[in-house]
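A.B. asks: Sequence:
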Amino acid sequence: MKEQECTVLFTSQDTPTTPDDDLQFMSDGIITLDADGPRRTIEVSKFRGSNFDGGRHGVRITDDGMHVFPKLSPGTTVSAEISDPISAGVPELDDLLKGGLDPGTVTILSGPSGVGKTTIGTQFATEFASNGMSSAIYLFEESERTFRHRSRSIGIPVEKCLDEGSIRLHETHPGQMSTEEFAGHVRQQVEDRDVEYVMIDGIDGYRHTLLGDDDHVPQLHQLGSYLRNEAVTTLLTAEVSRITGEFEATDQDVSYLADNLLFLRYLEYRGEMRKAIGVLKKRASDFERTLREFEITDDGVTVGEPLTDLRGILEGTPDWSDEADS
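All you need for my numbering is the position in the sequence shown, starting with 1, plus 564.
Each hint can be trusted.
Only pairs whose alpha carbons sit at most 20 Å apart, straight line, appear in this in silico EDC-like list of lysine to aspartate or glutamate:
{"id": "1", "residue 1": "566", "residue 2": "592"}
{"id": "2", "residue 1": "845", "residue 2": "823"}
{"id": "3", "residue 1": "839", "residue 2": "873"}
{"id": "4", "residue 1": "845", "residue 2": "648"}
{"id": "5", "residue 1": "662", "residue 2": "857"}
{"id": "6", "residue 1": "839", "residue 2": "869"}
{"id": "7", "residue 1": "610", "residue 2": "585"}
{"id": "8", "residue 1": "635", "residue 2": "778"}
{"id": "9", "residue 1": "724", "residue 2": "708"}
{"id": "10", "residue 1": "635", "residue 2": "617"}
{"id": "11", "residue 1": "839", "residue 2": "862"}
{"id": "12", "residue 1": "610", "residue 2": "586"}
{"id": "13", "residue 1": "845", "residue 2": "803"}
{"id": "14", "residue 1": "845", "residue 2": "658"}
{"id": "15", "residue 1": "662", "residue 2": "823"}
{"id": "16", "residue 1": "839", "residue 2": "658"}
{"id": "17", "residue 1": "845", "residue 2": "812"}
{"id": "18", "residue 1": "662", "residue 2": "648"}
{"id": "19", "residue 1": "566", "residue 2": "586"}
Across the chosen pairs, the derived CB separations fall in these ranges:
{"id": "20", "residue 1": "600", "residue 2": "626", "range": "14 to 20 Å"}
{"id": "21", "residue 1": "600", "residue 2": "723", "range": "36 to 42 Å"}
{"id": "22", "residue 1": "866", "residue 2": "696", "range": "22 to 28 Å"}
{"id": "23", "residue 1": "709", "residue 2": "758", "range": "25 to 31 Å"}
{"id": "24", "residue 1": "869", "residue 2": "632", "range": "52 to 58 Å"}
{"id": "25", "residue 1": "820", "residue 2": "586", "range": "42 to 48 Å"}
{"id": "26", "residue 1": "847", "residue 2": "631", "range": "34 to 40 Å"}
{"id": "27", "residue 1": "847", "residue 2": "630", "range": "36 to 42 Å"}
{"id": "28", "residue 1": "630", "residue 2": "758", "range": "25 to 31 Å"}
Since the hints were derived computationally from the structure, they do not count as laboratory data.
Every residue gets a Cβ at the ideal spot worked out from N, C-alpha and C, and that includes glycine.
With these hints in hand, go ahead and build the complete structure from the sequences.
C.D. replies: This is the structure in structure tokens:
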């Protein structure tokens, strides 16, 4: 058939009792389709006379046919130059970050449940929009309805940005897509809509919602590298389980993914629950090394002056000096 210049495609179902080793040996190419529950993958393990992208890639079969979602790799990215920081729209938060977030960096914003991670990430998104830049927000841990309601109640103009198309919301449900398909969706937003800010809310939801290997962190690392090299500013929220006690930057081993690491913390003063924000790492530029108190009010995010009278918050034993009591 080769002599007749025919392209031949064999299909085979490899099983322990009927292996297809002989067929694989005589072929010029091997393409393997696999299904692990609702997740489908495709893998090219041999393609004679040509280079190919190895490893398993995501597949979805729909009424429109087969859709393949290649894994992101460093070879698919384009290096970009670092430009001026992007403001958060809150002067005191900009002071903490020495200007804002650097474009093309990955930021992890960590803190316990309800402390304000999503709100601060949304604040950045609306500020990007006010500067004429598009954003994509991926919700893994709450519904779009709840997100919209909360943003309205604290005065963050998300509805206006959604109406204008400068912010796109994407609510993700368990088992709906694979890690490869999700990365493909993000890539499409970047390349088709020129998205310059991506918020993934949050890492726990990403790991438990998307279909894929047991360890999703490598795929998240690949996605972060792609976004970084496309000069897209990325913010990942990470929940820590401890509300008080010894400080942890993140519960999972994900800190290495971040260029910048911000943390939110509950603290108690005279029986009143308060919140503090700080920066542990900012790779591309300097940052303020003090903590600041912050609040979420009807008017949005408010960040106070440096908490120079507070000690021991990273040790899990916050202590206010006598000056704070006077």
